[in-house]
Amino acid sequence: MSDADNHQLRVSKIRNGTVIDHLTAGQALNVLAILGIDGSSGDTVSVGMNVPSDRLGAKDILKVEGRELTAAEVDVLSLIAPDATINIVREYDVIDKHRVERTDEVTGVLTCPNPPCITNGDEPVRTRFQVLDAGVRCVYCGTIVHEDLATLINT
Amino acid sequence: MRTEHVITAKGFCRADIETVLDRAAALEAAETSAIDRHPDAVLALLFFEPSTRTRMSFDTAIKRLGGTSIEMGSVEGSSIAKGESLADTVRVVAGYADAIVLRHPSQGAAKMASEFVDVPVINAGDGAGHHPTQTLLDLYTIRKHVGLDDLTIGIMGDLKYGRTVHSLAIALTQFEATQHFISPESLAIPAGVRYDLEEAGASITDHRTLLDILPELDLLYVTRIQRERFPDESEYRAVAGEYGIDLDTLASAADHLRIMHPLPRVDEIDPAVDETDHAIYFEQAHNGIPVRMALLDQVL
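Going line by line, the protein sequences match chains A and B. In this text, residue positions in the first sequence follow my numbering: the first is 98, and each later residue adds one. In this text, residue positions in the second sequence follow my numbering: the first is 7, and each later residue adds one.
Do not take every clue at face value.
Covered by chain B, according to a simulated footprint, are these stretches of chain A (three or more residues, beta-carbon under 8 Å) [said to hold, decoys possible]: (1) 205 to 219; (2) 231 to 242.
Covered stretches of chain B (in silico footprint by chain A; criterion: 3 or more residues with CB under 8 Å from a CB of chain A, positions within the stretch not fixed) [as the list claims (entries may be wrong)]: (3) 91 to 103; (4) 115 to 122; (5) 127 to 135; (6) 197 to 209.
Calculated Cβ distances over 12 Å to all of chain B for the following chain A residues [unchecked claim]: (7) Leu129; (8) Gly139; (9) Asp140; (10) Ser143; (11) Ala169; (12) Asp201; (13) Thr248.
Honestly, the hints are just simulated from the structure, not real lab data. Positions of the beta carbon are idealized from the N, C-alpha and C atoms, including for glycine.
If we strip away everything but chain A, and leave its shape as in the complex, we get:
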């Protein structure tokens, strides 16, 4: 093992799963929360935070074994980590690599922070948020949220 290797953390490749790269620094744990990943499944999860990045200065990176993201999860990811890239890995090969895309609407993933909103009642309705230039807006009650979107994620 070379000297350089001794000074670097080795994170092994995953066999099947997702690598989420170029996350906004500090968002890795929120992204894990979106995915509902707490380690209890026993699958390997590697978390890198504030990793030096040419493009972002600092970034977070996640390697999640045994899990591929749904479209709704990617939508929310685009809100809190707009520069993220998603690599789907099967049998150690990256079979699909794409950047998240900004979406017009996010359905069913965020909770409306306005208690009297109908989506917080006991009704068979999924939340829907329109994506604004800065923040999101509940389609039902009109409440606008600019910050801390990660705290609204259904877990």
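Position chain B against the provided structure of chain A, taking the given hints into account.
Just chain B, lined up with the frame of chain A:
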């Protein structure tokens, strides 16, 4: 045909509004009865919150169009008390009626209800959200007395929770009105409504006291400051006193100033003001009939 729901004032364009107001004016002026317009129509009145004017005026409006209304009665005596969801309730009622008038304490209730039924849903108030049919009768009243062009309006009181205010302010952007909001900071227009106003390019200014702006106003729209919004009685009294109007307050007002209020009022307008030419709030309430007739005539 696409079902025509009436959920928020954001859905109104100027031409839509004028169509309803013109129809209301024709109905009001008509010498002949409108009783043959909708003889088989059944209107469901679903009120999950108290209502006097809105419920009674919709009831009268459908009857004057020849139709009938059905009501669920008190929440306690209905299936709601058994835990039925609003979505289920409206799906059932949509099978009994040609349109549903809904008042509910949750914001967005009418919007959600409209997604479950294929009869028109008319929002008669969704918590602190919107009250678009009140806005139509407000606009009808304004057009009749002051005119909707070049309007300078002051909107005073509880602008945060006042749903009539939210709908009115948004609709007035269609007429390029100059809007002055007068309220304590804690009851200012909420961010969501402000966003819509700014997006529509509205001319809006915030004020803490009425006297700053009163002489410039053509119209003053007063709303009730609700006791339950304050942590204690003394704080409520202080604010309510500051935003009440009486004959002394009106000394600096223009002669042509007209005062509206969605009612009920508590202490906001001294009864002595009722006798002046400024007061048009009772006529405003009466206008609920022709305007709701016009709206029902359109959606049924």
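Status of each hint after checking the structure:
| no. | hint | verdict |
| --- | --- | --- |
| 1 | 205 to 219 | holds (count 8) |
| 2 | 231 to 242 | holds (count 8) |
| 3 | 91 to 103 | holds (count 3) |
| 4 | 115 to 122 | holds (count 4) |
| 5 | 127 to 135 | holds (count 4) |
| 6 | 197 to 209 | holds (count 5) |
| 7 | Leu129 | holds, 30 Å |
| 8 | Gly139 | holds, 38 Å |
| 9 | Asp140 | holds, 37 Å |
| 10 | Ser143 | holds, 39 Å |
| 11 | Ala169 | holds, 19 Å |
| 12 | Asp201 | holds, 15 Å |
| 13 | Thr248 | holds, 17 Å |
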